[in-house]
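Novice: Here is what each chain is made of, one letter per residue.
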Amino acid sequence: MTLDGHPVSHNLRNAASTGLRYAACLLVAALWACTPQGSGPQEARIVSSLVRTGSANAQTGHIVRGIRLALAQAQWRAGDVALSYEDWDDASTKKGDWDPEVEAANAARAVADRRVAIYIGPYNSGAAKISAPILNRGGLASISPVVTYPGLTREEVGELHEPRVYRPTGEITFFRVVPTDDIQGAVGARWMRAMGGRSVYVLDDLQLYGRGVAEVFSASAKALGLKVVGHDSVDGRAQEYRSLMAKIREQDPDWIYYGGTTQTNAGQIIKDAAAAGVRAKIMLPDGCFEEALIDAAGAHHANERVYLTFGGVPPEALTGPGAEFVRAYEAAYHTRPDVYGVYGFVATQAAIAAIAQAGGPQRQRVRQALAQVRQEDGPLGSWHFDAQGDISRSTLSGNMIRDGRFVFLTLLDAQADAEATPLGE
Amino acid sequence: VQALLQQLIIGLVNGMVFALIALGYTMVYGILELINFAHGDLFALSAFFALTLLGFLPWAGLDGPQTALLIAGVIGATAVFGGATNWALNRYVFEPVRTKHRMAPMVTAIGASLVLQNVALLWGGLPLQVFGMGHAAAAPKAFFELVPHTNVLPEGWGVVLGARDVMVLGVSLTALALVWLIVHRTSFGRAMRAIAQDPIAAQLMGINTRGIIGLTFALGGALAGVAAVTYGLYIGTIHYQMGYQNGLYAFVAAVLGGIGSIGGAVVGAIVLGLVRALSDQYVGVRWQPAVLFSLLIVVMALWPTGLLGRGRREKV
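For the protein sequence lines, the chains are X and F, in the order given. Letter by letter, the first sequence follows residues 5 to 429 of the numbering used here. Letter by letter, the second sequence follows residues 2 to 317 of the numbering used here.
Honestly, the hints are just simulated from the structure, not real lab data. Some hints could be false.
[Said to hold, decoys possible] No more than 20 Å apart at the CA atoms, straight line, and that leaves these computed lysine to any residue pairs for SDA-like:
1) X/K98 to F/A110
2) X/K99 to F/H150
3) X/K98 to F/L58
4) X/K99 to F/A138
5) X/K285 to F/H150
6) X/K285 to X/D236
7) X/K99 to F/G126
8) X/K99 to F/Q242
9) X/K231 to F/L5
10) X/K99 to F/W124
11) X/K285 to F/Q242
12) X/K99 to F/N119
13) X/K99 to F/G112
14) X/K98 to F/L115
15) X/K98 to F/H150
16) X/K98 to F/W124
17) X/K99 to F/L13
18) X/K231 to F/G112
Whole structure, please, built from the sequences with the hints as guidance.
Specialist: See the structure below:
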């Protein structure tokens, strides 16, 4: 008998059977390895890892539809390569938002599957910090249609050792088709000043994205002569901010700038500001640019009071091929794309071009081809990836909430802003 | 001075909402020495019930007194929902494991908490007009703004006491008075106190301990229901995870005041509300949890049984 009470002969039988199973697996693996690879039609897989559970799902749904539209327009082929696509969720019900464990598992799963040529995502900057090094070690290129944290690609605006920590192999594998936060924060300050703002109370949610954009905003605002009357970090999961709003009402600023997202309670901040009788207007970055913000804040609290910068161009401001994308999207899905739909579409177009150039899912070739992608007169205009993987074009837009919906107000020129406040460049 | 007064008002109002939830923790602990982790999630679930109910009621166009009547009705219905759910939780979930391993009720309470949270998530995903069609299950849900923010104090005072604040104070004080009457002036309350003092002796005296425990759960659940409607009308937003944070604060309030003590839960909740508000004003919003929990540690170190808790003598 063994310690667990089974007869020895039974254990021996189990061991023999396990051994046979391993031997069979090894044989199958050896036969597969000996089969000539690369012959026959090539196949490549694109996967996306985005927040598909929680309120952000409203935005990511548009990104996924943008991805599918680009693939359908390319007839699911990149040159001679047949394409397939899988839509992965990096959120958990437990968190109701992206989950580091799930994002890491998604990245590892993509790396392990040799058919995966490009990883589209993630949706959150924090998630990108986790998956970027895993993907980099696996040599797998990723394109994010949303992530804006500057330290992921640029040394001068990030933390110590960034972005090297996300590129342990030294190769560039993280690409993005949206402008970075530093540009957005600085443009927000400039826009606020242009609208006659003189004083501002800055809030942030202590998250990578929110704090990053608020700090850049704060520094830019000071440089432009705006008076920053206070800066507080809030718990993005708190139930209410009544005490904070009473404190802000005392200061009576012209504006409140909240570096945060809908998921970190931007809606409640708007609601509590109204409840406390704060007269300031509120400016938010693009992490709040979703219908869920208006639902959470209540349209009557947000109308004519809430302004948002967006690191791109909303559908109604798109022209030429951009407008064509909007028409095709509406024809395919019978709904209007939100602001991120076009970024999912463009990211996928870049992925298809790189896979076509590489002639298959071979990661090194895909990576090199992706770095060389140039789009002339595409839905976002003409652009290419710079040496760090960032998009070369940085047109932003200024929007506000009016009559319970987002209304595009103006295009914001990042370059002009960069000249005024040299933080971003 | 105005800033201080304003924060005292905000702290007091928030504290009263926490008190309603904290009573549910403290009453159950008082008789069973069980920390019912599911209580915060029952509060969240009750808020979804209230919002759904309001979605079906024709409240638009009602005048002030009619609205007050409607709110009273919704509070009553939600209290029944919360009470019945908590009673059923005790009867079918906690009771069967009560005589098992001493860890079993606690682990069961954690499990019940997660189940209730997921039921609220599922509920929020129902295609009901009141949630906004097609919106994500996990998204915050806007509660009806039936009570205005109108300041009831003269403008010149520079301090806001909104109609909503008055509503919270009115509802919570009424509910607390009712609980006091039930606990101190009814035979059920006497039986409950007897069980809290010595369950075996109470049983020997002929008290139906099983029935009284069930009713105590029902009373705690009803208070969670009252708190849910009050909270929804006051904050204006509900969320399937809101039970966790509010439950945590309420639990801290119950411990601060002396877990098992009804008066202690109310005092603890008010102290907690005031500390949070004053910390936001004078220390900084980001340090609020640190200030709050440091205070809890100090109180626990100086008065291990809480502010109003009584030490129990160990019989040997």
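Novice: Each hint: holds or not?
Specialist: Status of the hints after comparison with the structure:
1. X/K98 to F/A110: 17 Å, holds
2. X/K99 to F/H150: This hinted pair is violated, its Cα atoms lying about 32 Å apart.
3. X/K98 to F/L58: Violated, at about 32 Å.
4. X/K99 to F/A138: 13 Å, holds
5. X/K285 to F/H150: 18 Å, holds
6. X/K285 to X/D236: 17 Å, holds
7. X/K99 to F/G126: 16 Å, holds
8. X/K99 to F/Q242: Given that 20 Å is the threshold and the Cα spacing comes to 9 Å, the pair holds.
9. X/K231 to F/L5: 25 Å, violated
10. X/K99 to F/W124: Status holds; Cα separation ~17 Å.
11. X/K285 to F/Q242: Roughly 29 Å separates the two Cα atoms, so the pair is violated.
12. X/K99 to F/N119: 11 Å, holds
13. X/K99 to F/G112: Holds. X/K99 to F/G112 sits at ~16 Å (cutoff 20 Å).
14. X/K98 to F/L115: Between X/K98 and F/L115 the Cα gap is close to 9 Å, so the pair holds against 20 Å.
15. X/K98 to F/H150: 34 Å, violated
16. X/K98 to F/W124: 16 Å, holds
17. X/K99 to F/L13: Distance of about 30 Å is beyond 20 Å: violated.
18. X/K231 to F/G112: Violated, because 50 Å separates the two Cα atoms, which is more than 20 Å.
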